[in-house]
Amino acid sequence: MAKTMQNKGSAKLGEITDKMQASQAWNSIFRPGSIFRKGYTDSPRNRSYVIMNSVLYHLHPVKVKRHAVKVSYTLCLGGLSFFLFILLTVTGIFLMFFYRPTAAQAWNDIYTLQTSVTFGLLVRNMHRWSAHLMVLTVFLHMARVFYHGAYKPPREFNWVIGIVLLLLTLLLSFTGYLLPWDQLALWAVTVGTNMMGYTPVFGNQVRFVLLGGSEIGTDTLLRWYVLHVLMLPFVIVIFMAIHFWRVRKDGGISGPL
Amino acid sequence: MTEIPEHLRKRAEEARAKAAAAKAEPEAAAAAAPSEAESKIPAHLLERAKAARSKAAGTGDVGESVAAASGGGTALATAAPPVAAGPGGHTQRLLTVVKSGSIQDVKASPQDKVHVWPHLLSIEFVASLLCIGFVLIFSIFVNAPLLELADINKTPNPSKAPWYFLGLQEMLSMFHPMVAGVLLPGLGLGGLMLAPYVDRNPSIKPEDRKFAISLFTVFLMSSAVLTIIGSFFRGPGQLFVMPWVQGLFFEL
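Residue numbers (my numbering), protein chains in the order written: chain W, 1 to 257; chain L, 258 to 509.
Think of the hints as simulated: they come from the structure by calculation, not from any bench. Values in this document were obtained by computation on a predicted structure and should not be read as measured data. We put the beta carbon where it would ideally sit given N, CA and C, even for glycine. Any given hint could be a false lead.
[Stated by the list, open to error] BS3-like cross-link-like pairs, simulated, lysine-lysine; straight-line CA separation at most 25 Å:
#1 K152/W / K312/L
#2 K63/W / K267/L
#3 K70/W / K370/L
#4 K267/L / K65/W
#5 K462/L / K249/W
#6 K462/L / K152/W
#7 K19/W / K152/W
[Stated by the list, open to error] Incomplete in silico selection of chain W near chain L, CB under 7 Å:
#8 G9
#9 P32
#10 M52
#11 V145
#12 T193
#13 F208
#14 L210
#15 D250
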């Protein structure tokens, strides 16, 4: 009795699934050839379709060189940097709901976030630690690429873009450093921007523009907040898009030594 | 009648004239009949073509113009355009044979490749899972620092930059600000950016690029050492301290 009920149930479920997959709405979402349209059984053709008929095709070709999937070769450092960037975006959006970038409110907002917002402390911790980790992975990614000679033709320009991405990562981390508006943030940024002032000719002007005045205050906070949550992420995403595109156009990751 | 490009028509005429010249002049008329018999063009079409041609020429009888079309070369130049067929009635001919590899040189040799799904995607998935797991667990146990409210009138001792600038800060305590804050980082950054254009050595084998690798290792190691000294070995007044004696003066 129970078994027939179960059979009936699964038959009904299969019917609904078939109906749903035949609907126009479903077919408008998934491309022809998508595994969500026609189901997946393991075959070379379907393995290709998984990439070819999904958004992943922006990032990956259908096939890569066998040595490119060796973890010992890349250590996943570039991919992890990108993943940390996504993680930072997600946790950063969460933090933005609870934060106002003024000298009067910033510190209190962070304090309230840590003490009275569910998961507030955890998410802030994750944001901070993944930011430090990202600086590290980007730097190590550069070292890996250098030791493999992967900056050599035809990948010269992608290396240059990579250096720009390293700089942008440092700037993102540095602008975020000020936002908690505690003693650590204020004085670390004071020391950092004083170094900037040593630049010849326009050093002081750059410092003035970045600080929104001759010393750090609530204007600085607003500027660095906008830089941190909007402008630098926008710029870095554009450079990342070019970086990933060039990786594929230049023939995938470099060959074995 | 089909339209034939001017240059092709001229070429066909020349070929026909040449073929006719090779044959003896008296045989020309006799040769006309067999070549027409060989023709693969249906008889009724040939008839129609003949009629059209004689009409266009406006002279003589049908038989004469047929003889001119199939055999005579010089007569045709003034007469109507020819049938859309070469000698023997073929509508196409072989121009040349291009051997593979004589024009296109295929350099790509088959490579050992694997499917991105599942081979690469599964690795990426596991790597991202491990990464988020590490960050999550680390964040549960270690809290991000939040010191007291910022106070511009209360300078902490020591004041340190974020850790990735501590190498720079360390250099500032050793050299003139112009050298440590501008010249050296500028050279480092410029050198990194220009590395692929300066390093013309095409080999990627470590044994062929000892100089490049040594230089880069010196760069990495010096920045690491400077950062570590700046982070852990500098205490109040930027004086040298032993972290296991005076304690840590370092916040992330």
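Consistency of the hints with the structure:
Annotation: proposed proximity of K152/W to K312/L is violated, straight-line Cα distance about 75 Å (limit 25 Å). Note on K63/W and K267/L: the hinted pairing is violated, with a Cα-Cα distance of about 53 Å set against a maximum of 25 Å. A hinted pair counts as satisfied when its Cα atoms are at most 25 Å apart, and K70/W with K370/L qualifies at roughly 12 Å. The suggested pairing of K267/L with K65/W is violated, with an alpha-carbon distance near 55 Å, which exceeds 25 Å.
Only pairs whose Cα atoms come within 25 Å are accepted, and K462/L paired with K249/W is accepted, the gap being roughly 23 Å. Proposed proximity of K462/L and K152/W is supported: the alpha carbons are some 12 Å apart, at most 25 Å. Distance hint between K19/W and K152/W is unfulfilled; the C-alpha atoms sit about 54 Å from each other, more than 25 Å. A cut of 7 Å between beta carbons decides the hint on G9/W: the least distance to chain L is about 31 Å, and the hint is violated.
Interface restraint check: P32/W against chain L, minimum CB-CB distance 18 Å, threshold 7 Å, status violated. At a threshold of 7 Å, the smallest CB-CB gap from M52/W to chain L is about 10 Å, leaving the interface hint violated. At a threshold of 7 Å, the smallest CB-CB gap from V145/W to chain L is about 10 Å, leaving the interface hint violated. Taking 7 Å as the C-beta cut-off, the interface hint given for T193/W is violated, the closest approach to chain L being about 9 Å.
The restraint placing F208/W at the interface with chain L is violated, with a minimum CB-CB distance near 17 Å, outside the 7 Å limit. With its C-beta approaching chain L no nearer than about 15 Å, L210/W sits outside the 7 Å limit, and its interface hint is violated. Evaluation of the D250/W hint against chain L yields a violated restraint, the C-beta minimum of about 12 Å exceeding 7 Å.
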